[in-house]
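Asks: This is what each chain is made of:
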Amino acid sequence: MGIVAKNLHKQFGETQVIRGVSLSVDRGEMVSLLGPSGGGKSTVLRILAGLERADSGEVWLDGQRVDHLDAASRGVGFVFQHYALFRHMRVVDNVAFGLKVRKVNPVEARRRAEALLTRVGLGGLSERWPDELSGGQRQRVALARALAPEPRVLLLDEPFGALDARVRADLREWLRRLHDEVGATTVLVTHDQEEALSVSDRVILVKDGLIEQDGSPSEIVDAPRTEFVARFVGEVNVVEGVVGADGLLSAGGLSMRIPAGSKVGDRLRAVLRSHELHLELDPRGLGVVRRVVPLDDRARVELSLNGASLVARVPRAQAQALTIGGSVTVALHEPARVWAIEG
Amino acid sequence: MRASFGVWICALVVLPMLAVLARAAQGGFAGAWEAITRPAAVHALGLSFGLSLIVVGIDLIFGLATAWALVRWDFPGRRLVSALVDLPFAVPTLVAGILLVVMLGPQSTLGGAMAGLGIDVIYAWPGMILALCFVTLPFVVRAVEPVLEELDPAEEEAARTLGAGEALIVRQVLLPPLLPALAVGAGQSFARAIGEFGAMAVLSGNVPRETLVGSVYVLGEVEAGDSVEAAAVSVVLLVVSIIAQLVVSQVNQPWGQE
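So the protein sequences, as listed, match chains A and B. Going by our numbering, 217 is the number at position 217 of the first sequence; the sequence numbering is gapless. Going by our numbering, 27 is the number at position 27 of the second sequence; the sequence numbering is gapless.
Where hints are given, some of them may not hold.
Taking beta-carbon pairs under 8 Å as the criterion, some of the chain A residues facing chain B (in silico) [to be verified]:
no.: 1; residue: Val76
no.: 2; residue: Gly77
no.: 3; residue: Phe86
no.: 4; residue: Asp131
Read the hints as simulated data drawn from the structure, not as lab findings. A virtual CB, placed ideally from N, CA and C, is assigned to each residue, including glycine.
So here's chain A without its partners, still in its complex pose:
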């Protein structure tokens, strides 16, 4: 097992930031900690690295208990959101830093740093100063620097958070390819669900200092365990309604099939993902189109239905037939994902 954390707790002042987090990451696996900011995911990562100390709980790296070790002795590679490159060192010296600290001789350290820079696609930039590089390049240098001492685990704290959307998308694909080549056990912290779902083998959703769900990207997307997860990983509509005598849930003018286990009269909250709503042009339909936003091959349609606002994703071809203010019928073919209303 690459990383094991057992029942971590951490308090800052009066605030309980981590309230019993346990997780494990296989050797060579790439796992994302996903969640809203302030949810404690970065703190978990920093506890794994030894940059913060947990109030209680255990951290194991490669079968060794490391709670008592400081960050310098844990053998982790850490990448920060704002790169944290040493500005007074040239790129190659940044990458070689961890090797020189470990007394690798300077010539060898430099050779290995150059090789890593080539590997991350920055072969020609070794003699530059960090300030002369773009954000994306800087983060690659930071990654090369973290990988240089061949760490047991690689921890990335919102590594693409400070970059443009375009660069982010490129870099995360690149990161996944690099991970497949290098094979380092990796934990990535992000608040971007697309990022988490697209690069990781497994996604752990963290909210309010607790793990909300831990599963593969498809489990998270297809079988969200809580309303929070469903809302966080997709574009959804949440409607409330009552199970009728016909066994269907009526909510917001929609009738929908629900999974077994609900009784007639139950008040439920249903989460409908935007791509599960089907729209049909119908002059007598109850839905009214408010706005159509084109997105590559699909379009996002905002509509109102019996006073409620809904979002649907439909193929572009279909969206082109829609007019603002036009009427549509809204239908749902799949069984809805429902949760009992809390309280």
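Could you slot chain B onto chain A? The hints should help.
Replies: Below, chain B alone, put in the same frame as chain A:
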């Protein structure tokens, strides 16, 4: 803009310097040389430079520590401390000197106790160093503070995760980016310490060839009606000051041409 800058530089910097040089030259090179090599003058100048060097060393350590505390720590009264750092800029240094005399002079409890241990503070080097530190510390603090603010603590954390111990982090991660600012602060402190007059006049005792410093020596020469000799010694103070500024301005940073 350019013209007013030129006028300003001439009126406040160039002309006075030329005037002093011209005055010093009135006695001819031999006269000026004689004035600055007189034993009392040599001692006063040497004392000024020596004390200033010691003071710069102390300033660097305590100025860096103060700036660090102000930037990195959040403690009650931080704003007050920050305001107090600038106090020497606001208080006439003569007053600072008097404060120290009152606090540490032979008649005071503290000063008396120190004297009992055989340590003279006032009218001796320790008091002079203390006063000069008081006057010059803000230069180092204010030079270092902005650079320290820009240093991302994540850089230290990165170094830590790469296996670096604290001493190595200080040496290789923290100090290099601070060096240019430390040099500027040191240069300004040094020049200020050389030129300090008010505090020295009241607490050094002004004993020639013992505690009389360069700036007070110059006043003595002026009062004795010897303006050529005063000017000659002033030129030495001036030149050393300028050299110090030039030296520290050589400590530059090659990185960060953004």
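Asks: Hint by hint, say whether it matches the structure.
Replies: The hints, checked one at a time:
1. Val76: Holds, about 6 Å.
2. Gly77: At about 7 Å, which falls below the 8 Å cut-off, the nearest Cβ of chain B leaves the hint on A:Gly77 intact, so it holds.
3. Phe86: With Cβ-Cβ at 6 Å, under 8 Å, it holds.
4. Asp131: holds, 5 Å
No hint from the list above goes unmet by this structure.
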